[in-house]
Amino acid sequence: MIQNRRRNSKSSSSLLSGHDFNNQALINRLQSYFYSHYLAFSSATSRLSSLPFRFLSISLVIAIALSLPAGFYVAAINLQKITNITDNSNTISIFLKTTVTQPQIELLKEKISLEEGVENIRYISSQKGLDEFRIESGFGDVLEMLDENPLPPVFLIEPNRKFQNNTEFIKKLVFKLKKEHLIENIQIDMMWLKRLQAISLIGERLSFMLGAILAFGVLLIISNAVSLSLDSRGEEVVVIKLVGGTDSYVRRPFLYTGFWYGAVGGILSWIFIAIAVYWLSMPVEKLSALYQNSLELEGLGFFGMISLVSIGVGLGLLGAWLAVTRQLSGIESK
Amino acid sequence: MILFDKVNKRYPSGHQAIINLSFELEAGEMAFLTGHSGAGKSTLLKLIMLLERSTSGQLLIDGKNLSRIDRTQIPYYRRNIGVVFQNHQLLFDRNIFDNVALPLFVSGLRPRDVGRRVRAALDKVGLSGKEKMNPIMLSGGEQQRLGIARAVVHKPKILLADEPTGNLDPQLSEEIMGVFNKFCEAGSTVLVASHDLELVSSIAQRLLRLEKGFLVEDKKTV
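Those protein sequences? They're chains A and B, same order as listed.
The first sequence begins at 1 in our numbering and counts up one residue at a time.
The second sequence begins at 1001 in our numbering and counts up one residue at a time.
Same shape as in the complex, but just chain B (with noise of 0.2 Å):
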């Protein structure tokens, strides 16, 4: 589903953030990205976002090379991707409701199917029967689960995620990877960026270490 094949990035200021990277993830696996913060795992998401592109190298999603979608088509691309954010990037001129449905919106889904897949989706974060509310009004660990279920509303079939539990305490962050867990279970391709070792060591799945650039760790945790 994921196919890195020596991918390099250089941003034009000269800094190397991805170095000679290859490396694959199959689809319904989960794996968890570590390593320091400025190890490259943000810039290794982006680069599977478009958010930015690579320098050289290949890069294979769902059999599509990335290289050949153009500005134009970045969008429908983005589409199959579900993205959930340290800082949760939610809209706060606006309810629980009408932020999780943004995805189905933008992608012009007919309003009345709208509906129906928000709530599955905020019944799947544990969030239902709170549409109404205004996202300001909800705790750090419930604005992240909110953040999810955007996500995941959509069904992507890639869901990423940069620092999902940065700022959550440790019993709301095993909450929180609990959910990424149910997802790949439910056939979806998991990629988590995390510094907290600690956390995703405790969890069995696939470990990829970046350093400096460099994948200098890809082993199966215990």
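Isolated chain A (complex conformation) (with noise of 0.2 Å):
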């Protein structure tokens, strides 16, 4: 019994040791696999840093191809959020005769408000629409010179959010109000709207077919400067190939290189874009402010950023890969 049971604990305790042997077995291989990494990084570092000139202008031309299509987006968005803005504002403007008189006003203003779909109704005088021109304008000069106040009174509709883009319906009630004679003109600020939506969706494509066509460019550098640092180092690959280095061996330190390309290039243009969003800033702020609009300029944020080098180090990685392979290719006999 007790040997039994001393048995069994050999065997048990010779089963765990070799549990420990498989288990020490994949150790070794992990260690070796990422010292292999380690050695291919540093490797691809120390090249790279040991030419500081050749790396930072091969990263630079990769920043400046990556920056367009990414400034094209930037521009894209933040005209997306303008036609976003105005959007909620999309009004209704109602120009009276000159000559109608206060109580005509005050009557009208209550039968518009009782409209099926009218949220918001103001009233602007003509008097007071006068001022606020001059103030906006900077006409005001020119203003003086009138005579008498060429601006109508005006109301403001703001559509029911239920209807604001609803063409139909509100052609309808610029139809119906039409019939009053007491109204000269009515406009809807739906056209200029219209055509910023479609600039913003063409700024967008356009984006993005500089994006697919300067991403083909990064890629070419990229495998380019590779190539390069591959022709200079033909017999090591060689060596390596001959004393039983695999493909991925050979291509390791090179895909390093590929990334550091691609995520200083990517961070390059990042900076690029920031600084110029930063620059135009103060003076889109100033613009929208003149359009009664507070728009403030986005940049490429975090998520952009992130997304921005990861398509650097993708490219880059993609680039190198291609470079070593066309090379690899070259070296084996079929």
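Because the hints were derived from the structure by calculation, they are not lab data.
Remember, predicted model here, so these are calculated numbers, not experimental data.
Don't take each hint at face value.
Unchecked claim - Across the chosen pairs, the derived CB separations fall in these ranges:
#1 1026(B) / 325(A): 36 to 42 Å
#2 1112(B) / 274(A): 42 to 48 Å
#3 23(A) / 1129(B): 33 to 39 Å
#4 1129(B) / 220(A): 30 to 36 Å
#5 1181(B) / 29(A): 32 to 38 Å
#6 57(A) / 1129(B): 41 to 47 Å
#7 1064(B) / 220(A): 37 to 43 Å
#8 1116(B) / 208(A): 40 to 46 Å
#9 1129(B) / 64(A): 51 to 57 Å
#10 328(A) / 1055(B): 20 to 26 Å
#11 1116(B) / 232(A): 31 to 37 Å
#12 42(A) / 1064(B): 24 to 30 Å
Virtual Cβ for every residue (Gly too), placed ideally from N, Cα, C.
Both chains come to you apart, so use the hints to assemble them.
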């Protein structure tokens, strides 16, 4: 009984040690795998840092190529933002005849505000309109030269949120209001909005198109840069292949080279965009204030930075991979 | 260990480098491969290294049929072979230690075992204590011995050498051949290509002579 138990414990301990052995083998394999990555990483990094000017100039070219589509993208999202802001104040302007009297105005205001779909109605007298115009347009001096106020009294109607984007409904409302004899003209602030939306859509598409073309350019730049350093290390590649190095072993340091080009290019390009946005934000805010908007220029943000750097790194790795694969296929007999 | 059976190699240019070649080299055996330049010595070594593929015939290394080894398996196959080149193929952008350690790193040996193996290999060829030096500081004979250290550091079953004494004076050449002899005695299969018939004849080993792609002589030298 005791013997049996001893045997059991012995067999279980030998099993355990077998398990330990397997673990140890796995740990050894992992250790040497990570060590080879460490070697590849440090050799790539030290090679790049030994030629800092070349590294920086290539990274700069990549950064510029990435900045163009990224810049277009930023422009497009900001245009989008303008159309979103104005969407909520999609107003209908009703210009009254200059001859209307105060009681008529009160009556009409009451009537219109009862119409279906009218959320809010605001009255701007011709005097008030003139004052606002003088302040905001900067044409005050010109206005002084006029004998009388040329501006008509205006109603600003804000349609119900439900009918905000319902063009059919708004057309019907306009048609109905036009029958009022006190109303001179009706304008809907929608055409310019539509134009803006169309422009921002074009901008977005352009940014993708440019992005695709320039991504291809970045790929070529990186694969060329890696090819150059491969040429100067052709002997090393041959020796590694001769002593039994796998393709991935040969590729590894060059993939790290591509990684650095892409990553630094991406970061530099993000910095370029950030500087451009900062530089433009003041005049843009001034301009948008003139249009009674409070638009704050939006940059790429954290997510944008991560995407930009990831795209750079992805292109770097792919470019390096292509370059080394091309070189390797030349060495190995098929 | 090395078995050629009616092997032919024709290059795409039409040049027939190896013609109907058959011979066998047992494990632990050493042989010299001689012949004029262009006789097919280098091609024969390249076939064993899988730097070239035979056009027809069977080529078995350590029981493995080389035609069954595909491109992705070649690196693992080559780890069983050590090669010494006439032009050394040393890398001058790194020190002696890193040159010798390359086959070990490539095959994924643990870093802590690498140092021990590298020092042992350098010791065998009489270069111990020079690990930190750059190979460019070594003499021709020392560079060749460094090449041998790199070829044997991973304890290959087969050691190949292509004109290892090409640029060396007779005394150094004999010394190098002595090093190969030692590895053969330690159990490696050694095949040395050399056109230096005088040197080769002075060593008691098997001798294979090639001429225009044919094996014309297979004898034991005195």
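Quick rundown of the hints versus the structure:
Between residue 1026(B) and residue 325(A), the C-beta spacing of about 40 Å keeps the proposed range 36 to 42 Å intact. Checked against the hint of 42 to 48 Å, the C-beta distance between residue 1112(B) and residue 274(A) comes to roughly 46 Å, which is consistent with it. The hint said 33 to 39 Å for the Cβ distance between residue 23(A) and residue 1129(B), and at roughly 38 Å that hint holds. The hint said 30 to 36 Å for the Cβ distance between residue 1129(B) and residue 220(A), and at roughly 48 Å that hint is violated.
Distance hint for residue 1181(B) and residue 29(A): a CB-CB separation of about 36 Å, consistent with the stated range 32 to 38 Å. The supplied range of 41 to 47 Å is met by residue 57(A) and residue 1129(B), whose beta-carbon atoms lie about 43 Å from each other. Distance hint check: the CB atoms of residue 1064(B) and residue 220(A) are about 42 Å apart, consistent with the given range 37 to 43 Å. The supplied range of 40 to 46 Å is broken by residue 1116(B) and residue 208(A), whose beta-carbon atoms lie about 57 Å from each other.
The beta-carbon spacing between residue 1129(B) and residue 64(A), approximately 52 Å, falls within the hinted interval of 51 to 57 Å. Against the hinted window of 20 to 26 Å, the Cβ-Cβ separation of residue 328(A) and residue 1055(B) comes to about 24 Å, which satisfies the hint. Taking 31 to 37 Å as the suggested C-beta distance range, the pair residue 1116(B) and residue 232(A) conforms, at roughly 33 Å. Our hint of 24 to 30 Å for residue 42(A) and residue 1064(B) is violated, since their Cβ atoms are close to 36 Å apart.
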